[in-house]
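Novice: Single-letter residue listing:
Protein chains: 2
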Amino acid sequence: MDTWVEDHHQSGFSVQNLPYGIFSAPERDRRIGVAIGRHILDLKVLAEKGTFAALDIDKTTLEEQTLNRYAALGQGVHRKVRAFLQSILRADTSLGRFLRDDAALKKEALVPRQKAEMHLPFDIGDYTDFFTSPYHAQNVGALRPRPLPGTQPPESMYNMPLGYHGRSSSVVVSGTPVRRPRGQFLVNEAPAFGPSQKLDFEVEFAAFIGKGNEHGIAIPVVEAEEHIFGVVLMNDWSARDIQSTEATPLGPFNGKNFCTTISPWVVPLDALELLRTKPVPSHTSLLPYLQEARKDTVYDIPIDVFLELDSQEYHLVQGNTKNILFSFAQMIAHHTAGGCPLKSGDLIGTGTLSGSTPSELGCLLEATRNGSQPLEGSTLDVHKRKISRAWLEDGDVIKFRVGNTGSNGRHVDFGCCEGKVVPQP
Amino acid sequence: MDTWVEDHHQSGFSVQNLPYGIFSAPERDRRIGVAIGRHILDLKVLAEKGTFAALDIDKTTLEEQTLNRYAALGQGVHRKVRAFLQSILRADTSLGRFLRDDAALKKEALVPRQKAEMHLPFDIGDYTDFFTSPYHAQNVGALRPRPLPGTQPPESMYNMPLGYHGRSSSVVVSGTPVRRPRGQFLVNEAPAFGPSQKLDFEVEFAAFIGKGNEHGIAIPVVEAEEHIFGVVLMNDWSARDIQSTEATPLGPFNGKNFCTTISPWVVPLDALELLRTKPVPSHTSLLPYLQEARKDTVYDIPIDVFLELDSQEYHLVQGNTKNILFSFAQMIAHHTAGGCPLKSGDLIGTGTLSGSTPSELGCLLEATRNGSQPLEGSTLDVHKRKISRAWLEDGDVIKFRVGNTGSNGRHVDFGCCEGKVVPQP
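Residue numbers (the UniProt record's numbering), protein chains in the order written: chain C, 1 to 425; chain A, 1 to 425.
Read the hints as simulated data drawn from the structure, not as lab findings. Since no wrong hints were added, every one of them can be taken at face value.
Same chains, same label: a pair holds when it works inside one copy or across any pair of copies.
List time: in silico BS3-like cross-link candidates among lysine-lysine, alpha-carbon distance up to 27 Å:
#1 K420 with K384
#2 K399 with K384
#3 K278 with K295
#4 K343 with K211
#5 K420 with K343
#6 K49 with K115
#7 K420 with K399
#8 K59 with K211
#9 K420 with K386
#10 K49 with K107
#11 K278 with K211
#12 K399 with K386
#13 K59 with K115
Use the sequences and the hints to build the structure in full.
Specialist: Take a look at the structure:
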């Protein structure tokens, strides 16, 4: 499939991707758009012109300032809209002419991405983060000073996707500065308060819920994928000194709730079909409520981490969305097993996507062994300039981008998930 | 202060209380009301008639279906409205005549509470639960089979209010049935899945945030009380078997996120001034960001727990809102120390309000020593009928009500915080 929109082949925003986002631009208030090439297709403009009339959907859901109402319509509607958008954007269809050959409409409906400002795609009601990479768990567990019962990676993480509730109010869209948090941590075993000295990133993948479930009614694992609207890259910034001081027995709190950054574009699962693969093998057999029909339930998407400073980009590490024990469908089935209601716009993260090798680590905590062995990054150009970090410094910009997914992956792009560390005022 | 509204003296809803709630009634859609005696003052009716014109507030905030916009106006506005409402409800003011002597308006503006259905007072963005009773921590810690490092009540709970993010989507208003959750727990050390066999209540007190803070900007402890709109009774239902299986290392998740019940009426802190007292003494000195100017920063409010079955009410235990190490102001200062944004309608709980004596326990986990010694409850009438519970059974109704607060406390009522346990379908 190819599209008539200019420059599409120079970006990952092909007609096979078509991710959703919320953007504004000069003379355009916040609205829903779909990325195509170097442009954004303005769905509000199309909806107002009756373009979707034949689809029998509530077009007002496409005229909103967030994706919540549209996402709640369910996967059947989203598939119909996706197929329709592909048909008007493809080079080889007669329907494509409707937009391509109408210069005035084209100008109104296609906005250069460079001119757009991106916003949070959803009003996020609840945000849940899981802990599904066994490599991350093993690496972090090995860093603890003494092997303590109850602090090692627990056996339970193989029996179910372990998760915790995060802070939805501190989720921000890519580009938002990240203020170094103050907090309480131990200095020479005594409580102290000040700016975190162990600021870290965490490479994650996250799903936005589309259609929710009624309070008290679980979502069966075989139906759970239908409740996913799309996926984003996510940086769950962490203050390791604050986190380690507070985390027993209730889990992460202020060490995490100062900021979580997501990519601007929400990619439908249908765009990722060719990247399906199996999750990390487990030595346990799952209880029936977590058993899926198919085996290729996760995705093989490398996520590169860059540190930008003084206009130089240094490659640090790479995570991969396949490094997990459980699929999003299993996370959803587990999350709702007791009746917990998920709502449109709820966000569900995988946890840090570390793999089994030293270059496949998803945070500095692991890569530097709790700051004891600084990580060296280098530019990808011929100069191979170096940079070294134990923890993040003020002024560092951390960027997540999808890496090389091979011949199948050309069309996958979420936009950059980035944030600049700024000091306390 | 006395009011001209009939029957006020037979309830805790005096003119000194004036809590807010969201109600509907025949021919009245959801709206904001204030409880007075056996009635609800319909603020939407008053706002539409221009009653608040002299107060210079955005009256549309009083015509909403939740309290979010009104609460966000800040304490200055709420004090002004409270004083105004007191003046029109008092028996001894000339302003009182405006409503009292207008039979038609009175009929329109005062709705019998019996005819009203109560709803969630806020659209709750984020819900945070703290862990601030040292007695609860000690009791629960003593129940663990072996004293394990990292699982005992940590020293950190004296240095800061330990908290975790709860699930806002599962918070319900009093009266909503509580479905016994299914979940994963260990049976003979092996993972199993089924309805929880250890269903429990937790007696808590919780604050709703009014005016929020900007992302990145902490709320100083001395200003934190101004960000509280009001307080409710809260039952943080818990499935102990699910909770103990999942809680290491990330804290409570499915063991809690199936349901949390709050009382229908949100009481302003100004109504509780006479009940102020000191928190539980601590052996540690606090860091400056948690140091308050005054000492009486918590409230002495006993909360009685009843089990109702077959129209009989059995008294089980009593908690008290004073059994905590940290005030709401300290919880807010700590919560926002790293820049986490609080928004209007966010909910903050104290954690289980157990005290130092066997009758002052806030959950069955403590009162029955993890189910090993069933708790006996008895009716408060002359018959002294008995009931015994290790854990909650299907059909049990758990009710929290404010106990005897002495001569100062007559005017404090939150309404009943209740829920009936219903089985899995």
